[in-house]
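J.: Below, each chain spelled out in residue letters.
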Amino acid sequence: MLDLLHLQKKTARALLNGEITAIAGEFSVKNADPARRLSIFSNNTFSSLTAVLKSVFPVTARLADDRFFDYAAHAFIAAEPPREARLSQYGATFPRFLAKFPPCCGFPIIAQMAGLEWAIVSSLNAAEEPPAPVSMLEHLHRAGGKARLHLRPNLYFTISRWNLISVWIDHKASGGKSLRPLERRTSRIAVMRHGEDIQFLSLEPARFAFWRTLAGGMTLEQAMSRAVAREPLFDLVSETLLLFRAGLVTGIGFPAMNH
Amino acid sequence: MSAAFPHRSLPPVAGIGLRSPHMREVLTRQPSAGWLEVHAENYMNRGAAVSALEKIRESYTLSMHGVGLSLGSAEGIDRSHLKRLKEVCDRFAPAMVSEHLAWCVGDGVYLNDLLPVPHDEETLQIVARNIETAQDALKRPILVENLSSYVGFTRSTMEEPEFLAALVERTGCGLLLDINNVFVSAHNTGFNAEAYIAALPAKAIGEIHLAGHAANATPDGPVLIDNHGSYVSAEVWSLYASATRRFGKRPTLIEWDSDLPSLETLLGEAMRADKLLKAVTFRSPEYPTAALPMDLPDRYSDVYREQVYA
Numbered sequence: 001m002l003d004l005l006h007l008q009k010k011t012a013r014a015l016l017n018g019e020i021t022a023i024a025g026e027f028s029v030k031n032a033d034p035a036r037r038l039s040i041f042s043n044n045t046f047s048s049l050t051a052v053l054k055s056v057f058p059v060t061a062r063l064a065d066d067r068f069f070d071y072a073a074h075a076f077i078a079a080e081p082p083r084e085a086r087l088s089q090y091g092a093t094f095p096r097f098l099a100k101f102p103p104c105c106g107f108p109i110i111a112q113m114a115g116l117e118w119a120i121v122s123s124l125n126a127a128e129e130p131p132a133p134v135s136m137l138e139h140l141h142r143a144g145g146k147a148r149l150h151l152r153p154n155l156y157f158t159i160s161r162w163n164l165i166s167v168w169i170d171h172k173a174s175g176g177k178s179l180r181p182l183e184r185r186t187s188r189i190a191v192m193r194h195g196e197d198i199q200f201l202s203l204e205p206a207r208f209a210f211w212r213t214l215a216g217g218m219t220l221e222q223a224m225s226r227a228v229a230r231e232p233l234f235d236l237v238s239e240t241l242l243l244f245r246a247g248l249v250t251g252i253g254f255p256a257m258n259h
Numbered sequence: 001m002s003a004a005f006p007h008r009s010l011p012p013v014a015g016i017g018l019r020s021p022h023m024r025e026v027l028t029r030q031p032s033a034g035w036l037e038v039h040a041e042n043y044m045n046r047g048a049a050v051s052a053l054e055k056i057r058e059s060y061t062l063s064m065h066g067v068g069l070s071l072g073s074a075e076g077i078d079r080s081h082l083k084r085l086k087e088v089c090d091r092f093a094p095a096m097v098s099e100h101l102a103w104c105v106g107d108g109v110y111l112n113d114l115l116p117v118p119h120d121e122e123t124l125q126i127v128a129r130n131i132e133t134a135q136d137a138l139k140r141p142i143l144v145e146n147l148s149s150y151v152g153f154t155r156s157t158m159e160e161p162e163f164l165a166a167l168v169e170r171t172g173c174g175l176l177l178d179i180n181n182v183f184v185s186a187h188n189t190g191f192n193a194e195a196y197i198a199a200l201p202a203k204a205i206g207e208i209h210l211a212g213h214a215a216n217a218t219p220d221g222p223v224l225i226d227n228h229g230s231y232v233s234a235e236v237w238s239l240y241a242s243a244t245r246r247f248g249k250r251p252t253l254i255e256w257d258s259d260l261p262s263l264e265t266l267l268g269e270a271m272r273a274d275k276l277l278k279a280v281t282f283r284s285p286e287y288p289t290a291a292l293p294m295d296l297p298d299r300y301s302d303v304y305r306e307q308v309y310a
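As they're listed, the protein sequences go chains A and B.
Residue numbering for the first sequence follows the working numbering, beginning at 1 and increasing consecutively.
Residue numbering for the second sequence follows the working numbering, beginning at 1 and increasing consecutively.
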């Protein structure tokens with residue numbers, strides 16, 4: 001007889017890989033097959049996690065078709081099951097999984113919509129922090145390009161070759177009943193939450209690179225360099241002022257001083 | 001067990017499980033509900049739902065129900081998860097905290113289902129240690145809920161009520177009696193539900209759960225599934241009336257998670273529980289207990305609606 005630790009490890013593996021007969025001898029039930037009863041737990045695991053993914057990626061499920069989504073979700077759950085009970089973190093790698101999932105290879109829009117939906121749910125689950133006053137700008141000269149601007153923690157970014165936002169909004173507005181036709185149109189999108197609502201901003205390539213680099217924790221100098229690579233006339237002063245005025249900056253990180 | 005579990009920290013009336021689709025309505029309409037129970041794991045971030053619950057708790061008593069602590073895990077409790085649970089409890093100051101007699105984390109994987117534990121001495125020691133770890137961290141006793149079961153263990157050496165009573169004795173925890181789970185387990189594994197309830201330590205019961213279940217046809221006959229997706233069944237109401245006569249009034253929750261109905265429907269089920277609590281406690285001739293579960297106003301009537309949103 002296995003000790004409890006090994007029984008639980010073996011059971012967890014069996015429920016995920018379907019080899020329930022390997023553990024059935026540890027269980028008993030009157031007038032029924034223990035393996036059949038154990039399969040209830042396996043079904044619960046896959047169906048409840050699929051429901052979690054569907055609640056996070058509703059438009060992706062609609063684009064892919066429900067049955068195909070269930071199939072992809074099952075493969076994802078078996079390959080990358082959750083590692084913690086905080087399921088608001090589960091699904092972060094689903095867009096990447098879909099991008100590499102062979103049956104999805106001819107339909108990159110599915111993974112890209114999943115990327116947008118993950119950005120939306122991440123934004124809704126992130127904190128809201130008060131914006132830094134514009135007057136803080138005057139402190140920037142102390143550090144110059146070595147400073148880091150702390151952007152709102154609920155600001156997320158995604159990029160796509162399709163009109164993802166209009167498809168997502170249309171789906172939501174119609175209560176999931178309609179799906180706007182797809183159009184090929186490259187879109188760089190910033191997603192952020194306002195209270196319980198979500199806001200989208202469509203950004204030009206240079207501004208998108210500037211914001212995303214700053215949000216990634218890099219310095220103003222590094223963000224400027226990436227923006228200028230896309231737009232040689234990128235105006236650092238007015239773009240930084242815009243970030244403050246839009247309430248997107250929550251603080252400034254100064255480099256450590258050498259004494 | 002020398003003293004009753006301090007169940008009066010939740011009012012001894014019926015409450016409802018609050019799920020995200022109803023949060024906005026609860027905030028705007030503020031319907032009459034004895035108390036609200038939420039799943040702790042849904043508030044382990046700093047997002048919009050947390051802000052909404054902070055507003056809701058200003059008007060309602062909260063109970064925090066965990067589904068991911070895995071008290072039955074032989075590998076011990078995930079300390080990071082326990083820390084997050086502590087943070088949630090500190091933030092919302094719930095009147096009660098509860099978890100399940102179950103495991104859900106094994107081999108580093110979270111299964112998102114509640115799996116049963118054997119009832120033997122090895123498991124008793126493991127679960128007692130985990131409960132003590134949780135109670136030490138949370139600085140409060142918790143309630144431990146009996147699970148729905150579909151299968152037993154060849155290694156079990158005691159019945160579940162005896163196992164639960166031993167946990168109460170060793171750790172000072174209380175019990176959350178899920179009557180639907182008792183009914184489902186009794187059907188699936190073949191024991192007497194009334195005898196199970198009678199064998200529990202009455203003073204330890206700090207809360208009761210009521211929920212619906214489904215029946216799945218299998219080659220071995222129907223199996224009841226604890227899906228929290230329908231009205232409380234007549235048999236479960238009857239067991240509840242019996243338990244209430246035995247234990248007295250206890251805070252009672254209407255749990256509904258899948259195929260979530262309207263808020264009115266949930267509140268209607270809670271009213272039904274309240275009427276039954278009142279009838280049993282005061283032996284009111286106005287509400288004969290035998291007829292009570294079937295003897296309430298139509299749940300969609302205008303009169304009922306006015307009462308709920310009074």
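Wrong hints could be hidden among the right ones.
Here are the in silico distance ranges between beta carbons for each label pair [said to hold, decoys possible]:
no., chain 1, residue 1, chain 2, residue 2, range
1, B, GLN30, A, ARG161, 41 to 51 Å
2, B, ALA137, A, GLY145, 24 to 34 Å
3, B, SER51, A, THR21, 45 to 55 Å
4, A, ALA75, B, ALA137, 35 to 45 Å
5, B, ALA199, A, THR21, 27 to 37 Å
6, B, ARG245, A, GLY195, 42 to 52 Å
7, A, GLY251, B, ALA199, 54 to 64 Å
8, A, LYS172, B, SER51, 14 to 24 Å
9, A, ARG142, B, SER51, 26 to 36 Å
Which chain A residues face chain B? A few, computed with CB under 8 Å, are given here [claimed, not checked]:
no., residue
10, PHE27
11, GLY195
12, PRO232
Looking from chain B toward chain A, a few residues come up when the C-beta cut is under 8 Å (computed) [to be verified]:
no., residue
13, MET44
14, SER59
15, ARG84
16, PHE92
17, ASP113
18, GLY152
19, ALA214
20, ALA215
21, SER238
For the record, the hints were derived by calculation from the structure and aren't laboratory data.
Note that CB positions come from ideal geometry on N, CA and C, so glycine has one too.
J.: Against each hint, give a clear statement of whether it holds in the structure.
T.: Status of each hint after checking the structure:
| no. | hint | in the structure |
| --- | --- | --- |
| 1 | B:GLN30 - A:ARG161: 41 to 51 Å | holds (46 Å) |
| 2 | B:ALA137 - A:GLY145: 24 to 34 Å | violated (45 Å) |
| 3 | B:SER51 - A:THR21: 45 to 55 Å | holds (48 Å) |
| 4 | A:ALA75 - B:ALA137: 35 to 45 Å | holds (37 Å) |
| 5 | B:ALA199 - A:THR21: 27 to 37 Å | holds (34 Å) |
| 6 | B:ARG245 - A:GLY195: 42 to 52 Å | holds (47 Å) |
| 7 | A:GLY251 - B:ALA199: 54 to 64 Å | holds (59 Å) |
| 8 | A:LYS172 - B:SER51: 14 to 24 Å | holds (20 Å) |
| 9 | A:ARG142 - B:SER51: 26 to 36 Å | holds (34 Å) |
| 10 | PHE27 | holds (5 Å) |
| 11 | GLY195 | holds (7 Å) |
| 12 | PRO232 | violated (39 Å) |
| 13 | MET44 | holds (5 Å) |
| 14 | SER59 | violated (18 Å) |
| 15 | ARG84 | holds (7 Å) |
| 16 | PHE92 | violated (16 Å) |
| 17 | ASP113 | holds (4 Å) |
| 18 | GLY152 | holds (5 Å) |
| 19 | ALA214 | violated (11 Å) |
| 20 | ALA215 | violated (13 Å) |
| 21 | SER238 | violated (23 Å) |
In this structure, the earlier hints numbered 2, 12, 14, 16, 19, 20, 21 are contradicted, and the remaining ones agree with it.
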